[in-house]
Amino acid sequence: MYSSSHIIDCPSTHAGVRQGCRELRGYLATCGLDDQQLAEWELVAIEAGNNAVQYSERHGHAAEPIRMIVNTGEESVEVAVTDHSSNFDWPADVALPPDDSEHGRGLFLISELTDSVRYLRGHEENFLLMEKRRPKISTELDVQRDDSLEHTMHLMTEELVNSYETLSAIFRFSSEISLVDNVNLYAEKWIGELMKVTGGTWYVLRQLDAQKGTLNLISSFGGRSSCPPKLPLRGKGQEFRCVECAAVLRRADILFDGGTPQQLLTGLKRTFGLPLSGLCHPIYIGQDLFGVLTLGTHSPNSTFTVSQINLVHTFADLLSVQINNLQNYQIALQAREVTRELQVAAGIQRSLLPQDIPQPKGFQIAAQSINARQVGGDFYDVIPCPGGGVLLAIADVMGKGVPAAMFAAIFRSHLRARPDLLTAPGKLMMWLNRVLFSDLDHVDMFVTAQLAYLDPKAHKLVLSSAGHCPALLTGKDMDTVLSLSGEGPPLGITPGATYEAQCYDLPVSSRLLMYTDGLAEMRNHEQKTLGDDAVKEWLLKSAEQDSPASASCATLLQLAASHCDIHHLRDDITYLMLTESSNSSQAAIINSFML
Amino acid sequence: MTATMPLPSTTLVIATPEDLSASNVGEFRERSRAQIENEHMCIDIDMSRTTFVDSSGLGALVSLYKIMAVRGGSVRLLNPIQSVLQLIELTRMHRIFEVVRA
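As they're listed, the protein sequences go chains A and B. Here the working numbering is used: the first residue of the first sequence is 46, the next is one more, and so on. Here the working numbering is used: the first residue of the second sequence is 10, the next is one more, and so on.
Everything labelled a hint here was simulated from the structure, so no lab data went into it. Backbone N, C-alpha and C define an ideal beta-carbon position, used for all residues, glycine too. Do not rely on the hints blindly, as some may be mistaken.
[As the list claims (entries may be wrong)] Each computed DMTMM-like pair below joins lysine to aspartate or glutamate, with the alpha-carbon atoms no more than 20 Å apart:
#, chain 1, residue 1, chain 2, residue 2
1, B, LYS75, A, ASP145
2, B, LYS75, A, ASP298
3, B, LYS75, A, ASP144
4, A, LYS472, A, ASP489
5, A, LYS445, A, ASP298
6, B, LYS75, A, GLU147
7, A, LYS521, A, ASP550
8, A, LYS472, A, ASP500
9, B, LYS75, B, GLU36
[To be verified] Chain B is nowhere near these chain A residues, computed Cβ spacing over 12 Å in every case:
#, residue
10, THR75
11, PHE285
12, ALA297
13, GLY407
14, ARG479
15, HIS504
All chains should be built: construct the whole structure from the sequences, respecting the hints.
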């Protein structure tokens with residue numbers, strides 16, 4: 046059966062056994078074994094030899110050499126290792142120890158790498174006999190070299206083909222991203238390919254919701270029931286009950302199989318049944334956790350190879366980037382849609398302001414309104430009244446943006462609904478509060494407003510205010526500015542509130558400014574407000590210069606712009622300017638709408 | 010297929026010898042442990058020059074894994090040759106070590 050034999054005696058030390066195994070490998074190489082078989086026999090022999098050293102030391106036989114007898118034949122190789130222990134026996138079942146055990150793998154390796162193992166106990170010494178069949182030995186070394194080269198080329202080609210197919214799949218999926226509007230289907234397709242390559246039969250892909258601390262289901266396959274849509278990350282003991290949470294919390298892959306504590310697989314068991322084995326891989330985009338991919342089979346002990354694990358990593362990492370990009374793309378599309386709708390809304394709001402402000406005889410009126418956002422809660426109107434007068438109205442809805450703009454539009458329509466009250470600002474204000482109260486109260490909003498009826502013939506102004514900042518009045522020969530305020534809460538605060546109207550005689554060459562609080566409260570880079578005093582000072586100066594309303598609006602805008610960047614306002618600013626001048630040229634209306 | 014990543018400063022790199030077996034594993038274990046500092050959260054074991062590992066060698070690697078596991082860290086095995094990689098897979102050591110091949 047065996048055509049040749051070789052004996053190696055080595056000292057009963059680990060170093061001695063190591064040297065003996067090198068000699069064993071060298072001998073087997075001359076017998077024509079390939080590199081793979083040589084590596085395996087070298088490992089088997091050293092495990093057997095180390096075992097012999099260990100048990101000989103224990104029982105006082107350390108001085109006796111360890112003998113390795115190598116028998117080779119055409120069909121098999123046998124290695125017998127002697128030991129002189131009295132207390133070792135080959136176990137009935139040779140299994141791997143726990144993963145974190147530092148010992149106990151030697152006998153497993155001997156068992157796995159040979160075809161048969163027998164342990165024969167003798168009187169003075171024992172024999173561990175290990176045998177393994179060998180491929181057909183050729184005496185032609187050139188043929189061996191060619192076979193080896195061909196085998197290597199085949200492996201390299203296979204690896205290249207696999208790499209090519211994988212890269213090809215990656216590029217194909219990447220190019221499809223722009224055609225996809227369903228993340229779930231995209232993930233299913235992508236991971237489906239991965240499952241083919243790895244032999245997986247089920248998977249779960251989850252994405253982290255950082256705000257809620259949950260792992261939310263994106264896609265799954267192969268379950269007999271549906272996966273839970275959300276997994277809480279922070280429950281007590283969650284790390285020990287849920288393998289997906291454990292992988293995320295430990296920031297490391299978890300390979301699981303039939304030997305894994307069943308408690309950890311509770312959730313997966315329910316969905317996919319038993320047995321289960323697989324890989325749970327937390328996915329990161331940079332330093333940020335994206336989610337977790339769990340991929341597996343319905344077998345108790347199939348584990349992925351290192352190459353397959355690396356493939357899962359690559360696919361999962363790329364897929365997460367694609368999904369993230371797709372989601373960002375969808376958010377960007379929605380934002381673009383919202384921006385477009387806001388632009389339309391801004392256009393509608395602009396159209397609700399008076400396009401041509403009525404100019405009563407001997408007076409000029411101009412206005413300016415700048416929203417902090419595309420649409421805002423400030424509003425003004427100038428409504429002609431019977432007898433040549435006008436009602437000037439200014440309002441400020443609490444808040445900014447779309448909600449405030451909607452109420453500003455509602456205010457406008459109600460304001461113009463009572464032409465019979467235009468000359469009675471107090472009564473009109475009461476009516477506005479009554480009709481708007483329930484709507485404002487329902488959404489916890491309010492509106493400050495000011496109504497001023499100009500009677501040019503009587504040269505009087507009747508003003509009513511609902512919690513609004515005072516209007517400013519001055520005249521040509523005045524060196525002070527009067528603050529005109531009224532009693533009464535903002536609209537929407539008190540149902541049935543009453544609003545008094547005050548009547549003022551207009552000074553010569555009078556000049557009236559009605560404005561919203563955004564003007565005086567605008568802050569510069571040092572967080573200092575413009576302030577009412579600065580506005581009053583400006584008004585006095587404009588009275589000195591007797592500039593018409595339109596020019597005054599422009600200089601007030603310059604004052605505002607010199608204080609802070611009016612393209613980045615925190616609140617809307619609006620003002621209405623009324624001037625009385627001997628120059629009765631048509632006033633220009635300045636309606637500037639900026640973002 | 011595996012991308013290389015820049016080395017964080019809390020990573021210790023240890024090279025295994027050409028031969029990691031019972032005859033020299035004690036010395037490797039001592040030398041490695043002496044290099045571990047408090048701030049190290051990852052050990053990269055460079056196996057590119059190692060041509061032979063036995064079960065004692067694997068045990069030494071596991072001992073390093075246990076040291077890092079206590080502090081929430083990790084151990085990676087870099088560039089094992091094919092025969093060593095087969096040993097790692099056969100003994101399922103790739104369940105606790107990340108194996109990186111450049």
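Those earlier numbered hints the structure runs against, lowest number first: Those not satisfied are hints 4, 5 and 12.
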